[in-house]
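Protein sequence lines correspond, in order, to chains U and A. Note that the numbering used here has the first sequence beginning at 426, numbered continuously upward. Note that the numbering used here has the second sequence beginning at 26, numbered continuously upward.
Hint data in this document are derived by calculation from the structure and do not stem from the laboratory. Just so you know, these numbers come straight off a predicted model, no measurement behind them. Incorrect hints may appear among the rest.
In silico contact screen, one side only, chain A against chain U (beta carbon under 10 Å); selected entries [unchecked claim]:
no., residue
1, D88
2, Y129
3, G131
Have a look at the derived ranges for each label pair, beta carbon to beta carbon [unchecked claim]:
no., chain 1, residue 1, chain 2, residue 2, range
4, A, D88, U, L436, 36 to 46 Å
5, A, S98, U, A493, 13 to 23 Å
6, A, P109, U, N484, 18 to 28 Å
7, A, S52, U, S432, 17 to 27 Å
8, U, V470, A, M64, 16 to 26 Å
9, U, L439, A, P106, 41 to 51 Å
10, U, M536, A, R34, 17 to 27 Å
11, A, P106, U, P539, 39 to 49 Å
12, A, P95, U, P454, 19 to 29 Å
13, U, S432, A, E87, 23 to 33 Å
14, A, R110, U, P539, 11 to 21 Å
All C-beta atoms, glycine included, are put in the ideal place defined by N, C-alpha and C.
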Amino acid sequence: KNQVEQSPQSLIILEGKNCTLQCNYTVSPFSNLRWYKQDTGRGPVSLTIMTFSENTKSNGRYTATLDADTKQSSLHITASQLSDSASYICVVSVRGNAGNMLTFGGGTRLMVKP
Amino acid sequence: DAGVIQSPRHEVTEMGQEVTLRCKPISGHDYLFWYRQTMMRGLELLIYFNNNVPIDDSGMPEDRFSAKMPNASFSTLKIQPSEPRDSAVYFCASSFLGVWETQYFGPGTRLLVL
C-alpha cells in the first residue's frame with residue numbers, strides 16, 4: 426500500500442533557529458516528491474519538487490533533500506521566521522498508475538515563536 | 026491572473042440539504058482537482074479532470090458526491106444529501122500539463138453540516 430509518513434506531527438521552535446522535517450514513503454514506482462506549505466486558512470503552495478535523480482533542491486531558506494534508496498526526504502528550514510509558521514505537507518506521485526496517482530502525508534504543523 | 030477561485034468561502038447547512046461548491050481554474054490550465062481536508066484524514070484527492078473529462082474519481086467517498094466540469098473555466102462539486110461527516114475544507118486546484126506538475130490551490134470552501 427502506498428503510504429507517506431511525516432514526522433514530527435508538530436514542532437515548536439524559536440525564531441531564528443533551524444529545523445528539519447521528515448518524510449518517509451513507500452510509494453512505488455516513484456515519480457517525484459513535492460513539499461507544500463499551507464498557511465492557516467489557505468490552500469497549499471508548492472515549495473520544491475524533486476525527481477528520482479535529484480538529491481537536493483533549494484527555495485530560499487527552504488532546502489529539500491531526497492534519498493531514493495531509503496525512500497526518505499527532509500525539508501530543512503534555515504533561520505526560521507514567524508511567517509514560517511504553517512503546515513508542511515509531503516506529497517509523492519506515481520506516474521502511470523490507473524488509480525490515485527498522488528499520495529499525501531499527514532503534514533507537520535510548525536509554529537515559530539518570537 | 027487571479028488564481029484559482031472558489032465559492033462560497035464558507036457554507037453552513039443542515040443535514041440532508043444539497044451543497045454545491047464551485048471552482049474556476051487558472052486560465053489555460055488543463056487539469057482540475059478537487060480535494061477534501063480534515064484534521065483526521067489530512068488532504069485527500071477526490072477527483073480530477075483533464076480537458077474537462079473526469080480521469081480518476083476513485084477518491085470520491087460515495088454516491089452522494091458528484092463533480093462536473095461543463096467547460097474549461099468552471100467546475101462544481103455537489104453533495105446530496107449532505108451529512109455531518111462531510112464537514113471539511115474543500116479545495117480546488119489546477120495545473121498545466123499533468124497531475125505531477127505544480128498544482129495551484131484555491132482558498133478553499135469551509136463546509137459545516139449541522
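| query | Per the hint of 23 to 33 Å, is the separation of the Cβ atoms of S432 of chain U and E87 of chain A within bounds? | reply | holds, 32 Å
| query | If you check the beta carbons of D88 of chain A and L436 of chain U, does the distance land in 36 to 46 Å? | reply | This hint holds: roughly 40 Å between Cβ atoms.
| Does 18 to 28 Å hold as the CB distance between P109 of chain A and N484 of chain U, or does it fail? | violated, 39 Å
| said: Taking the Cβ atom of M536 of chain U and the Cβ atom of R34 of chain A, is their distance within the range 17 to 27 Å? | reply: Holds, since M536 of chain U and R34 of chain A (Cβ atoms, about 25 Å apart) stay within the stated range.
| query | Does 39 to 49 Å hold as the CB distance between P106 of chain A and P539 of chain U, or does it fail? | reply | holds, 47 Å
| query | Is the hinted range of 13 to 23 Å satisfied by the C-beta distance from S98 of chain A to A493 of chain U? | reply | violated, 38 Å
| task | State, for the Cβ atoms of V470 of chain U and M64 of chain A, whether the hinted interval 16 to 26 Å holds or is violated. | result | Holds, since V470 of chain U and M64 of chain A (Cβ atoms, about 20 Å apart) stay within the stated range.
| Assessment of proposed distance window 11 to 21 Å (beta carbons of R110 of chain A, P539 of chain U) | The hinted range 11 to 21 Å is violated for R110 of chain A and P539 of chain U, with Cβ atoms some 38 Å apart.
| field | Restraint check, 10 Å cut-off on beta carbons, for G131 of chain A near chain U | value | holds, 6 Å
| Does the Cβ pair S52 of chain A, S432 of chain U satisfy 17 to 27 Å? | Check failed, 39 Å falls outside 17 to 27 Å.
| Do the numbers back the hint for D88 of chain A, that is, is its least Cβ distance to chain U under 10 Å? | violated, 18 Å
| said: The hint names Y129 of chain A as touching chain U; please verify it with the least Cβ-Cβ distance against 10 Å. | reply: holds, 8 Å
Checked against the numbered hints given earlier, this structure breaks hints 1, 5, 6, 7, 12 and 14; the rest are met.
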